[in-house]
Structure formats: C-alpha cells, structure tokens
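A.B. asks: Each chain, letter by letter, is given below.
Protein chains: 2
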Amino acid sequence: MTNPQAKLQELKIHLIEVNDLEAANALLYWDQSTYMPEGGAAARARQSATLSKIAHERFTDPGIGKLLDNLRPYEESLPYDADDASLIRITRREYERAVKVPPAFMAELTSHQADSYQVWAAARPQNDFARVQPYLEKMLDLSRKYSDFFLGETPGYEHIADPLIDVADYGMKASTVSARFAELRGQLVPLVEAITAQQPADDTCLHRHFPEAGQWTFGLDIARVIGYDFGRGRLDKTHHPFTTEFSIGDVRITTRVDEHDLRNALFSTIHEAGHAMYEQGVNPDYEGTPLAGGTSSGVHESQSRLWENVVGRSRGFWQFYYPKLQAVFPDALADVPLDSFYRSINKVQRSLIRTEADEVTYNLHVMLRFDLELALLEGKLAVRDLPEAWRARYEADLGAFPADDKDGVMQDVHWYGGIIGGVFQGYTLGNIMSGLFWEAALRAHPEIPGEIAQGQCGTLLGWLQDNIYRHGSKYTANELIERVTGGPLTIEPYIRYLRTKYGELYEL
Amino acid sequence: MTNPQAKLQELKIHLIEVNDLEAANALLYWDQSTYMPEGGAAARARQSATLSKIAHERFTDPGIGKLLDNLRPYEESLPYDADDASLIRITRREYERAVKVPPAFMAELTSHQADSYQVWAAARPQNDFARVQPYLEKMLDLSRKYSDFFLGETPGYEHIADPLIDVADYGMKASTVSARFAELRGQLVPLVEAITAQQPADDTCLHRHFPEAGQWTFGLDIARVIGYDFGRGRLDKTHHPFTTEFSIGDVRITTRVDEHDLRNALFSTIHEAGHAMYEQGVNPDYEGTPLAGGTSSGVHESQSRLWENVVGRSRGFWQFYYPKLQAVFPDALADVPLDSFYRSINKVQRSLIRTEADEVTYNLHVMLRFDLELALLEGKLAVRDLPEAWRARYEADLGAFPADDKDGVMQDVHWYGGIIGGVFQGYTLGNIMSGLFWEAALRAHPEIPGEIAQGQCGTLLGWLQDNIYRHGSKYTANELIERVTGGPLTIEPYIRYLRTKYGELYEL
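Quick note, the sequences are listed as chains A and B, same order.
The numbering used here puts the first residue of the first sequence at 1, with every later residue one more than the last.
The numbering used here puts the first residue of the second sequence at 509, with every later residue one more than the last.
Next up, chain A with everything else stripped away, as it sits in the complex (with noise of 0.2 Å):
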C-alpha cells in the first residue's frame, strides 16, 4: 500500500473525465428534448451513441480495474462509510458490473432498443400488438442474457431478475420486492374497492382554461418554495418531463403545460423538483465521481414522490397556498372553495393508465408490470401470452378492463425501448419509501406539517438533505433505510399515511 493518496488521485482523475463525458452526453439530451431544432436529430443520435462509447471505454480501462485492486488494503483500513472507502466500493460495484458485459452484446442490445423503440412507436398507435410480439421476444431473450452475464459469477444472485433489478435499485432482490409488493396489494386493492364505492370526487374544476403564462410563473414559485435552487438549475419545456444533472451545481428539470389541465405542470414540477432537489443536495465534495447522483430508483422517486404528494398534495400545503393560485387563476378558481380543489387533486378512480393513476391506484398499475415481468423472466409466461395475462390483471387487480392493447400492454415504452425486467420497481419502491421517509421526518420535527400549513418547507429539506441527500450514492438503498428508520423495508408507515389520509377525505 504505497502512497494510496496518490492512486486515489489518479483513480479520481480517471473517474471524473468518465463523468466528463456522461455529463456532457446528458447535456446532448437536455438539449434535445427542450430546444434542438428538428435538422439536428439524425446527428445528435450519433454524437450521443459516441459520447456513451467513449465513456463506457474509458471506465472499463483495465487500468481503473487495477487501480481498485491496489486501493483495496487502504479501502480495508477505512471505516466502510469513510468517503474515501466509500468511492472505492461504489466504483468497484459499477466498474464490476461495466466489464461482465461484453461490448459486443452491449451494441447488440442497444441497436434492437432503438429498433424495437421504432416498431412499438408506430404500432401502438395501429393497436398492433403481433408486430411488437418478435421484437418483445428478442428483448426478453436479451434481457435473460444480460442477466446470465452475472447470475452464475456474482454470490447473493437468488433470481434471474436480481442482476436487472440491481442497475436501478441496487441491493434490492426479487423476493423482497414481491413479498412487500404481495403486502402492499393485499391493503390496496381493499382501500380502492372502499374509495371508489364512494361518490367520485368532481375535479372538473382543474379542467378550466389556465393560460400558460400564470401556470409558468406560479410553477417557478412553487419550485423556489420547495427549495429547489435556481441558481444551479433551471426549468424548461419538454414533451415528457425530466430532471437531469449535469454537476452538483446544475440540475435541471423540465415540465410541459396543458390550458385545460392544471395538473399537468404543477405536479409534474413539484415532482422534478424533488428529484432535482435529492441531487443538489449531495456533498459538493462528490462531485464529477459516482458518490454524486441519488443511490437509487426507488430513493429517487421516493423524494419526487414525497414532494408531489405527501407535501404538493396535502391540505396544509395548500392551505398557504392556494389562495396565491387563485389569486393567479381568478376566472377558474374564485368560485372553487380549497376543500373542493384539496379532493380534486386527490381525486381516486379505478383507470387503465399508469401515468395518469392517482396516487393510491398508482401502485397497482405498477405492481402487476412487476409482477409480469417476473412471469416473463422466469418463463412461466409466454409473450404471446402477454396480452391476456395484462388484461387479467387489471380486472382483478382495478376491476379494469382494457378494450384494446394500445392502452393495454403497449402502454408504457420501457418493455419495448429499454431492457425487460428491472424498471418498474423502482416506482413503488419510492411510494413505499416516501411513506417511510416522512414518519421518520416526522419524528425527528414533529413541526413539520405545522411549518408547510405555513408556507415554509425548510425542517423538512433540512432534514432530507441531513439524511439523505448529502450521502448521494455512499449508501445503498437499504443502507439507508437502516440509517434512517433503524429498520429494514416496510409498508406500514406508507400504508399508515394512506388510510390517515384518504381515510379523512372519504369517512371509511
């Protein structure tokens, strides 16, 4: 162990030109979904596949792998979550699984992504599921493949979904995920039968003319109030809405605007904002190297998820608030009392699309994809058969039937541009944590839900960045639920938060 500083250092200088790279590759896609002209497609689509070879090159150098063998006697002289210990491990963990996959299938995969992107495209809107079929197919065989590359080698792989499930969720495997997700539809599917026996709420309100210019401006404010900080972000546009990061001091996030739909932007900005939020928050001192960037999908989308609807969706929140946006929005929303706009945000109702599921069928939507893409993977269901399996579920599962697979199993594009297995948990996960997150929260401040009927968000930021933020990727996301609650994964801080909630809107 001869002078570890200096092969930290080199170490860190190999990892920041990757991240260099990366960043510089986000900046390409930004660019591209908020305000490339049409002409630029054809060669941004090359500059970025150059960008992602360059960058996947130079971190699976065979120099960074023998730099994380000389560093291993210092990493083992540190307390695990010393940072440098911790840049060690979590680069280890990436690099390890860089150069398990051959380039060779990487180019394979990622040219059927695009193609199988391109026929799902035009296929769905011509309901058309048997030209999608060979192309889901390949994906499922490519997606088994992916995952061989680990299962045999890596100790601690239980089910051939684990490899994929852990590019995303990290340390999550199969058989937790089910079993948590078995817990959580058996008190949903209950919860929703009670809500929708009801009356359904009347959020007619939130489809009157909202013109764009008030929505922008009241969507900034509402970001700044949150915490979201303006001076190493910004917001812009886009057709579908993202956070991305280019350096601790810039992360960006995108909203669109709908006239007639005023939660469209709102929403989907408080959520950005909460991922974004997550990313400025980590220790500047990570910067450019693979402890910056949340450590999760599912501790991602738990702190959107926390912002868009433990706070964004909350009578305190709007409480404060929304005498400023009717303010904003006179001629809609004068007539609308905040008791009525509060059910209107909150509305529940049995639907057949994901991204427009309110938040307590939300998971539903999100646990049967799960749960088919372990039947996929597994071979216990044929893609043939998908269809029928979808439509399956949704009855039992929604009591929804869809009438077509354009609306069915065609609906989302993760199957079809990205890889099969490993994408939807993370969803659920979030909801789970958020639920977890805010009891924590809650115990530490009990202040809290006082302080946002007031306007201000700060003891909870605070105690977010503390917690969690500041640790960027150090901890996984068990790691941290440890950490945080002094126990492992649970349901029933979210499931608490629900029944006082909806419990509350609906008298069940």
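Just so you know, the hints here were simulated from the structure itself, not pulled from any lab data.
Everything hinted at is true.
In silico BS3-like pairs for lysine-lysine, Cα to Cα no more than 27 Å straight-line:
| # | chain 1 | residue 1 | chain 2 | residue 2 |
| --- | --- | --- | --- | --- |
| 1 | B | Lys646 | B | Lys608 |
| 2 | A | Lys12 | B | Lys561 |
| 3 | A | Lys145 | A | Lys100 |
| 4 | B | Lys520 | A | Lys53 |
| 5 | B | Lys745 | A | Lys237 |
| 6 | B | Lys561 | A | Lys53 |
| 7 | A | Lys66 | A | Lys7 |
| 8 | A | Lys7 | A | Lys53 |
| 9 | B | Lys574 | B | Lys561 |
| 10 | B | Lys914 | B | Lys888 |
| 11 | A | Lys347 | A | Lys406 |
| 12 | A | Lys173 | A | Lys145 |
| 13 | A | Lys145 | A | Lys380 |
| 14 | A | Lys53 | B | Lys574 |
| 15 | A | Lys138 | A | Lys380 |
| 16 | B | Lys561 | A | Lys66 |
| 17 | A | Lys7 | B | Lys561 |
| 18 | B | Lys515 | A | Lys53 |
| 19 | A | Lys138 | A | Lys53 |
| 20 | A | Lys380 | A | Lys173 |
| 21 | A | Lys406 | A | Lys138 |
| 22 | B | Lys745 | B | Lys832 |
| 23 | B | Lys520 | B | Lys574 |
| 24 | B | Lys574 | B | Lys608 |
We have chain A; now place chain B onto it with these hints.
C.D. replies: Just chain B now, kept in the frame of chain A:
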C-alpha cells in the same frame, strides 16, 4: 493501394468521432452562453477541457497519420477537387498542424490564456495596462514559440506570422495581406476624411424605445426572409452574439437586445445568420468530417458582412422592409422617413471602438491591429511601447485619440485571451471578399438588387450556396476566390462598392 475505400471508411469513422466530441463541446459552450445557471460554471469549464483533450488525443492518434499515408496513392489518383481527395488533403493539413505542437506546449498556452484573460478582465475597467503587460509579454513569447514549431519545417512560410495566420485563414501570407491592407488603407483614409468633413448623419431615431418583443419577432422574420433555415437552427439570447454548428442540420445563432439601440439585435442577427447560412449550405455528404464548416475566417466574415452590410444596410432591402419595421414600432418610427432611417444605419464617424464602428471606418480599426501584431512578432515593437504605438496609429488613421488604454490597447480580448498574430486579419479580408463575391454574383445575376428591393433574397442565396457554401472547407480562401472571380484577392470590387454607396449617400 489495397482497398482504399475501406481505409477511407476507417478514417471517416475516426474523424466523425472527433467531430462528435467537438460538437458536444460546442453545445457545452452554447448552453453556457445562453441558458446555463450560474452554479454550473465550475464543472462546465472542467467538462469542456476534458472534451477538448480527448478530441485532441483522438485526432492526433498516430493511427490517423498511418491511414493518411496509406491513402496518399489513392488521393493522387483522383482529381484535386474530388470529395475523397479533398477530405484526405484537408485532414492531412489539419493533422500535420495538430501533431507539430507538443501537448505540453498546448497545455502551457491554454493555461496562460486562462490566466491572462482573468487579469485582463479585472485590469481593463481599472485602465491598468501595467498589470497586463507581463501577461502580454508572455503571450507574445508563446505566440512566437507556436510559430517556431512550423517555421523551419514547413515549406512556404516566409514570415513569423504565417503559421499563425494559417490557423484561421489558411494560405494567406503576411506579405499578401500586408500589401492588400496597405492599398486599402490608402483608399480608406481619404474616403473617411471626405465623409467626416460633412455634416454627420442624425441617428437619434435608432435610440428611441424599441420594446424587446417587437425586436425579437422582427429579427426572427428578417433572418427567415434572408434564408436562414429555422428547421436547422434557432435564435437565442446571449451577451456576445455568435454562431455555432453542431451538425449541418443544426447551426444556431444568438443575439442580444438593447431596447434603446435598434442596431444591436437587428444587425447582429443578420450578421450571425450570414455565418450560419454558410454552414447550413455545406454539402450534406461532408457531415461530421473536416470538410464541413466554413473554409476560413475571412470567407466566413465575407458572408456575415455581405448579408449584414451589403444587403442588410442597403437602400433596396429597406425599401421593402422598412414599412414592416415601422408597423412593428409605430411609436418610434412612424415619423421617420425611409431616407433618414437609411442614412442613420449608415452613419460614418471616427470612433475609438472597433465593434461599434461603421462599415467604412471598421477596416481601419482592424488593419492597425494587424500591423501592430506583425511589429510585435517581428520584434520591432516592444509590448511596453504598444499603448503609445496604438495611440499614434489611431491618430494617423482615424484622427481619433484614445484618452485611456481601457478603450485603447486593452479594448479587445483577442491578444489577452487568445494569441498574438492571425486573429484580426479575417475581419477585413472578409470585407474585401464580400466585395469580390457580391460583384461576381451581380455579374451572374444582374437582377439581384431589383429582387432584393422586392424583398426576395433567393437568387443571391442560391448563387452563394452554389459557388461558396456547398464547398465547405474543400477549397482554401484563395482557391475559392480564383474559382469564383478568375483572379487573386483584390480590393477593387470592395472599393467600388464603398465608393458607389457612400458617394451617393454623401454626394462625394
């Protein structure tokens, strides 16, 4: 010469990768200059340096040199201006330049440029030349050293400035440029004297209130009518207007708006659109290779200035568009007749600031800088004597005497953040060439001025596309002039243009 097509294909793959890195870097800069939040600055500088470094490493890879050697027989078997031959020739030229400068020297230069820029930015408002003097002395030393890497080795270099001039204006020798500039100065000094002996034009109408929204809409319209393709570009706001290319399908322009100076946004938009139409007009087959983009600084400026001045400050153009401008700004312009407006936008006056100078005096600002650069490089002028030499030349050429160094020798960033030599000549070469190309276009299409007076710029644009734009970097500036005019660079057409326009305006 076994399978040259395969070698060429291999070369192109390398070149396109380098181009993709450079395009991503250009986007980092565009974003930094338009939308980036303040917090992004530190990481952005690092990201940009990383991309530059990797692009340079990849372009100077000895594999490229070997491919170029292998391709020499194929190149020699083709006509000089065949696309393949030109690609090999231009790539070799750029490759040989890139490999002649040691990376350690480039690192020293880049680092000194950054330091020197910082000192200049702080010292200029203080009018403190003493503070920048040592930085300028080191810059002169580095500029000479840069030149030395080429002088001995490359045939055809006669003057220490020649290798520096080659970077932006390949093939233009200091001796030729000096000779043309001396001729031009001989014509311009008396012309400026004759004009400024008269009553100056009253241009107060340009300083009334022009609300930003109207300037923006009108600027978009004007860029469109002269032929800038918004399907392959866009206009955004920035501090210092520039054009940037990410691909032939995405060439963007920027402008700034001053509500009390109509000229700012209007003429900078036309100027940048001129640059951009050149790059948009390159043969699409050249995409991603060194043949795309303009061939030299001078030819590029010839296009921006042809559109800005020869077209955009012509009476004919405003005969058609002035009523439309008046309709956008009735409060400011309803009482201003076309003739007054035309005289205002062509006001000639002796002034101290290059970037604010009119079409006639502008070249005097540029040429004195070029001469001072040569004197510095030749060792005939010491940096400590530069402020005095600057004042003497302003007095002699412009009859204007800078009261301080801030608006004197410290006026332009070029020598402080760039290099000394090869940076100024392009502006006046561009003006000279704009006269050459304009005359050639009128010879081919005498109907052009009449069409412009009808608001139609298509014939002119088409001629420029066919004769200049589509060739990209295939021909050097001198080759292009020879092809277009049948002769060498000559100032007469430009002088004829100025004498006709200003003779009529000032009844000389």
